[in-house]
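Q: Next come the chains, spelled out residue by residue.
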Amino acid sequence: MEAQTLPETKGLPVRERVRETVPAQLLARNPERSAFAVIGLFVVVLIALYGLHDVAQTGLNGLSLGSVYALGAVGLTLVYGILKLVNFAHGEFLTFGAYTAFVVNVTLGLPLVIGALVAIVTTAVLGVAFERVMWGPMRARKAGLLQLLLMSIGLAFLIRYGIQFFSGTEIRQLGVDRTETVSLLGLTLGKSEAIVIVVGLAVLISIGLLLKLTLLGKRMRALADNLDLAETAGIDTSRIVLYTWLLAGGSAGLAGVLAATVTDVRPELGFGFLLAIFAAVILGGIGDAFGALVGGLVLGVVIEWSTLFIDFRYKIVVGFVVLILVLIVRPQGILGKARTV
Amino acid sequence: MIELVAAFQPPLAVDLGALTDLNFLIGVVGVTAGIYTIFALGLQLNVGYTGIVNFGQAGFMAVGAYAMGILVVKTGLSFWVAMPLAIVIAVAFGLLVGLPSLRLRADYLAIVTIAAAEIVRVLAQNARDLTGGNQGLSCSPDFVCYDDAWRDIEDGALDWVEGLGWADPEPLFPLFVVVWVTALVVMALLYLAQRTPWGRVLRAVREDEDAARALGKNSFAYKLQSLGISAALAAIAGFYLALNVASISPKEFEPLFTFIGYGVLVLGGLANYWGVAIGSLIMWTLIGGTRQIDLPITDEQQAALRFIIVGVALILLMAFRPQGMFGKREEMVLGD
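Protein chains in written order, with numbering that gives the first Met the number 0: chain A, 0 to 340; chain B, 0 to 335.
What the hints contain is simulated information worked out from the structure, not anything from laboratory work. Even for Gly, the Cβ is constructed at its ideal location relative to N, Cα and C. Wrong hints could be hidden among the right ones.
[Stated by the list, open to error] Below, a sample of chain A positions facing chain B; criterion: calculated Cβ distance under 10 Å:
hint : residue
1    : Y79
2    : V117
3    : L148
4    : F156
5    : I162
6    : G207
7    : A278
8    : R312
9    : Y313
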């Protein structure tokens with residue numbers, strides 16, 4: 000149902016009124032350019048106030064945070080867009096990946112790279128497993144949005160507290176040296192942060208290219224648009240759904256490992272990231288994998304920039320405020336197409 | 000991790016005697032179940048009767064509890080003046096969240112409201128001068144505590160009960176009575192409100208918002224009212240929660256508690272106010288009861304096990320009986 004077809008009612012148009020303002024009109028006409036214009040202006044003001052070095056340094060920090068958001072967001076947005084599932088258990092996929100890497104890396108004493116690979120594979124399998132036993136059957140039964148939402152919350156409890164049952168609430172560290180730093184162009188960065196940025200960006204670009212250039216990406220977009228129609232058009236939807244979960248689980252597992260590399264391993268790890276990941280998803284437009292990548296990176300950088308002028312303890316609030324602002328001004332996302340929300 | 004294999008041994012002893020213990024029934028289950036009945040009645044009004052997926056209830060509860068606590072402890076206001084003011088503040092916050100977001104689709108609304116609740120919690124955690132941070136808020140340096148007024152009443156009530164011949168009464172008994180009387184009054188008021196024209200419009204908004212709008216009803220205003228009332232109920236639940244614990248601290252307002260509220264809601268069933276009380280009693284007996292059972296696992300594992308049970312129950316309930324115990328199946332379907 001299109002928003003324009005709704006009957007005009009007296010006293011209603013709070014958002015409509017917002018739309019009439021000039022910036023909002025500009026935003027509606029050219030969301031991407033206006034978004035980048037706003038960010039550009041923000042950067043110029045920040046540089047003027049705090050100097051190029053600090054802005055670049057915090058921006059670089061933001062890229063490591065943003066890589067985690069973006070990797071988390073790409074899977075969440077695909078599942079959200081294609082299967083219409085608001086998966087509150089997605090954060091727990093990150094946690095699961097982090098703990099898997101911990102077991103391989105610390106308990107078994109193998110290199111972290113192996114840990115990350117195992118985490119990607121097991122989390123991808125976990126995603127597919129829940130699709131088979133839960134989400135697939137529930138879709139077949141035409142379960143409603145709230146029903147699936149609450150089910151995903153139940154699943155989040157099961158995974159998070161299942162992990163807590165076996166390994167306790169103790170906060171652990173992966174086997175990385177967090178004291179080593181690297182310097183680049185006068186900026187310093189923790190070695191683990193640098194690795195997170197490099198790995199994160201490399202994987203993100205690969206996923207982005209995969210979805211933009213291959214038939215798989217095209218088919219995923221077709222499913223996101225209209226699952227029934229895609230099926231009628233001869234697309235093997237169950238296979239695409241399978242790939243979606245593999246991609247969602249795998250990327251979330253890696254996001255969890257990267258998150259644990261720069262923070263720590265604890266049962267609430269993933270849930271702590273979930274809302275920011277939702278913010279990245281909405282920023283990029285739901286179902287838009289490429290948008291989620293950009294949204295995650297932008298969000299990470301903006302959050303770190305915010306520490307220039309507000310207490311760093313409140314930086315996560317900035318993420319939530321961005322989320323709410325985007326939903327108010329442009330709920331379909333900065334990169335999303337105009338559609339009903 | 001290997002030593003945890005022991006956890007798979009069967010339970011050795013189940014102390015069922017504890018389940019009939021008065022302290023357990025009143026203190027562990029009774030008071031908390033009552034508080035969460037009030038809390039989830041707001042959710043019922045929103046989700047079950049208006050179709051608003053409010054995931055910020057724990058945040059509204061936090062605003063109410065902190066507003067009351069701060070007004071009493073920091074400004075020296077009387078508890079009785081602070082409470083209505085705190086309700087006003089919580090409602091204002093509810094409206095602030097609702098104004099931009101109530102027009103959004105159900106899933107977006109859920110995300111916005113949970114984000115708003117998390118903003119409140121993170122602020123409460125870090126604005127230490129005002130809220131005491133993670134230590135919590137209880138008394139001012141010169142020992143003015145937010146629960147002073149209540150403690151006087153409680154002592155009087157306990158003396159009175161003792162005078163009636165109940166030797167050594169359960170200390171939480173007065174709070175238990177007040178919480179449940181409030182819950183029942185709220186339940187009755189909501190039940191009656193649902194039978195007024197106002198209540199019928201709410202239902203219409205839930206069933207078919209376009210139809211309600213076509214009939215000239217300002218559906219947005221009705222949704223806003225629904226959210227405002229829910230925030231007020233969350234604030235009241237927050238007061239009782241504050242009286243039930245020694246200090247108001249951020250960990251009482253994690254999103255987890257909103258999710259438990261939804262568990263309560265769907266256990267009892269949507270669009271049924273009486274079911275909320277039953278759902279809450281079952282939920283907290285489940286959560287409190289697993290604390291009483293003596294399993295050969297650590298306390299930490301037992302705590303985790305409680306929420307595993309809640310999670311599995313939620314999954315199974317949604318899969319096989321989404322309408323809950325007393326709800327109608329069609330109520331689970333929200334138009335979008």
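Q: Now tell me, hint by hint, if it's right for this structure.
A: Hint check:
1. Y79: Check passed: Cβ of Y79 of chain A comes within 8 Å of chain B, closer than 10 Å.
2. V117: Violated. Min distance 15 Å.
3. L148: holds, 7 Å
4. F156: Nearest chain B Cβ about 3 Å off; hint holds.
5. I162: The hint holds - I162 of chain A has a Cβ within 10 Å of chain B, the shortest such distance being about 8 Å.
6. G207: violated, 24 Å
7. A278: Holds. Min distance 8 Å.
8. R312: holds, 4 Å
9. Y313: Check passed: Cβ of Y313 of chain A comes within 6 Å of chain B, closer than 10 Å.
Hints 2, 6 from the earlier list are contradicted by this structure; the remaining hints agree with it.
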